[in-house]
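> Below are the chains, spelled out letter by letter.
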Amino acid sequence: MDIVVCIKQVPHPDHFSQITLDPVTKAIRREGVPLIMNPVDRNAVEAALQLRDRSPCKVTVLTMGPPQAREALEEALAMGADEAILLCDRAFAGADAYATALTVAAAIKKFCPFSLVLCGVETADSGTKMVGPMMAEFLDVPYATNIRALKLTGEETCLVETDVDNAIMRVELRLPALITVSKAINEPRIPDVMGIMQVADKTLSTYGAEDLGLPTEKLGLAGSPTRVASVWEFKKDRRAEILQGSPKHVSKDAVAKLREWGGL
Amino acid sequence: MKDSRETWVYAEQRGGKLARVSLELLGKGVELSEKLAGGLVSVLVGSGIEALASELLSHGAEKVYVIDDPRLEHYHNQAYGAVIADLVKEHQPEIFLLGATAIGEDLAPCIAAKVGTGLTAHCIDLRIEDCDGVATLHQTVPGWGGGKRVDIICPQQRPQMATVKPGVFVVPHGKKHRQGQIVKVSPQLEDRLFRARTLEMTEQEGSELPIEEADVVVAAGWGVNALGNMDMVRELAEVLQGAVAGTRPLLDKGWITADRMIGQSGKVIGPNLFISLGASGAMHFSTGFERAKFVLAVDQNPQAPIFQVADVGIVGDLREVLPCLIEQVKRLKS
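Those protein sequence lines, which keep their order, are chains Z and B.
Counting from 1, one number per residue, gives the positions in the first sequence under the working numbering.
Counting from 1, one number per residue, gives the positions in the second sequence under the working numbering.
Bear in mind the hints are in silico, worked out from the structure with no lab data behind them.
Please read these numbers as outputs of a predicted model, since none were measured by experiment.
Built from N, CA and C at the ideal position, the CB exists for glycine as well.
Watch out, some of these pointers could steer you wrong.
A partial selection of chain Z residues facing chain B, derived with a Cβ cut-off under 8 Å [stated by the list, open to error]:
#1 Tyr98
#2 Lys202
#3 Ser205
#4 Pro225
#5 Val228
#6 Ala240
#7 Ser251
#8 Ala254
#9 Lys257
Please model the entire structure based on the sequences and the hints provided.
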């Protein structure tokens, strides 16, 4: 059985406040912000590795991004993935969820026969949760999102469990299928020294737009139905009155202020 | 294909009960459809759900497409997606809105991909603005943890699709006996649409007040660990007749349920009073309560960013401050 895990390299969420807007060009500036593998993508890699622990299969990790995105792939290889694919081309730049899903789906169709595609449910930077389900449509396979338990129930089916607003939904999927996982599914392993040393011996292939056979108007910004019309800094105005002193005194003070303003 | 200039709202229902967010979207839909000078239409899918159509009409829909079939009793993503996408392709609405609920977030990208249009996720504002002479839906989303705002547009493809967080818009006052059209649609349901088949949906106990409906919300952050449990947090919420919520770390710890998590990847709420206890104020958390009218924060670190997004902040140890706060509120309420 072959499993493809789609991952993404994202700015570290703890450093989002360092992301600024150029006052003139309004371009996003994120120099110096460390990049990491999107946190819940580790759970997707782990889910694949756990399936491989139980029955033989090949785990391929795949990402689309600039050249440095190979770091995220190397990390997944160090965790234990067998092979990696980097989709890297200037033509891919500026892709929205739709164009990303179309591009990645085309690469999977071309290079990776699969029984299962796994993704993290959302990315830390944009968090749309859309690329997975859109890819499923372009790959013409069934899908389930935000799943917290996964069990293979034979060669052709799997059972998943997902939280849906105060209910638990159990879904049976016919393979091949695409699944996005939540953090609740497992505890991702940390790469050990052996794993890190083996990375150099594993295959990491890079493909560009021409390799995928998609017309350039389907790729990147050109292939994206949505556009960013504007970006601005946001800060909600609050009174920010900070009280320090004896707990009794400040509590009384805070309640009195809220009472006066209409909060209580 | 016809250019209808219609605004569509997906009427999410589960077990014969409409999701509140669908009614909120009808409220906004009335405004958007007036600006577009087109109709407001709702799409209802399920089994034995036709009676809900009148509720949609009374909340502003002028037409309701009802897709009622026993095979659609449970939510099956690709079957729901396919029947809705077929309807969208046939009628070409200008705008199509869904709630950013678990189901909405699962379903919307499937429809967008099938129709071949753009989708904007978890919007916190929607408005029509002129773009090169075309009335265009501007869809505002929080970016990079909430410190930025991004306006997204979909210039060419139609419909302009967006999911909207529950609680962003207000449920309109229902008017009884509103006139409108109920149109039954017979779906084409091939077996392959059920390759992902929902076997069961087990409702969890949800007796507590949903946080998006509460006037007062008391949210616990990591600092609440020092209390050893949630008892005092609950007590404060009780004396205020409010609801208990929390941050992602508290969800991961199992002290709150997923429907009570505040933040960019959780609920975005706008209560009259929001009380943050022991949360430092990371942006992806504070973006979840920025529409609150008033914010009170308690944390022991005077440098914590939470104090910059609060109206009044108390610096102190929760173990000492919380009993005093409960006492003061009790006095006020008695």
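> Could you check if Z/Ala240 really has its C-beta closer than 8 Å to a C-beta on chain B?
At 6 Å from the nearest chain B Cβ, Z/Ala240 passes the 8 Å test, so the hint holds.
> Can you verify the interface hint for Z/Lys202: is its Cβ closer than 8 Å to any Cβ in chain B?
violated (32 Å)
> Restraint: Z/Tyr98 near chain B, CB-CB cut 8 Å. Satisfied or not?
holds (6 Å)
> Against chain B, run the beta carbon of Z/Val228 and see if the smallest gap drops under 8 Å.
Nearest chain B Cβ about 6 Å off; hint holds.
> Less than 8 Å between beta-carbons is the criterion; does Z/Ser205 satisfy it with respect to chain B?
For Z/Ser205, the interface hint is violated, since the closest Cβ of chain B sits about 26 Å away, which is over 8 Å.
> Taking the least C-beta to C-beta distance, is Z/Ser251 closer than 8 Å to chain B?
Nearest chain B Cβ about 4 Å off; hint holds.
> With 8 Å as the cut and Cβ atoms as the points, is Z/Lys257 at the interface with chain B?
holds (5 Å)
> Using Cβ atoms only, decide whether Z/Ala254 comes closer than 8 Å to chain B, and label the hint accordingly.
holds (5 Å)
> Can we keep the Z/Pro225 interface hint, with Cβ of chain B closer than 8 Å?
Hint holds; Z/Pro225 Cβ to chain B Cβ min 3 Å, cut 8 Å.
Of the numbered hints listed earlier, those contradicted by the structure are 2, 3.
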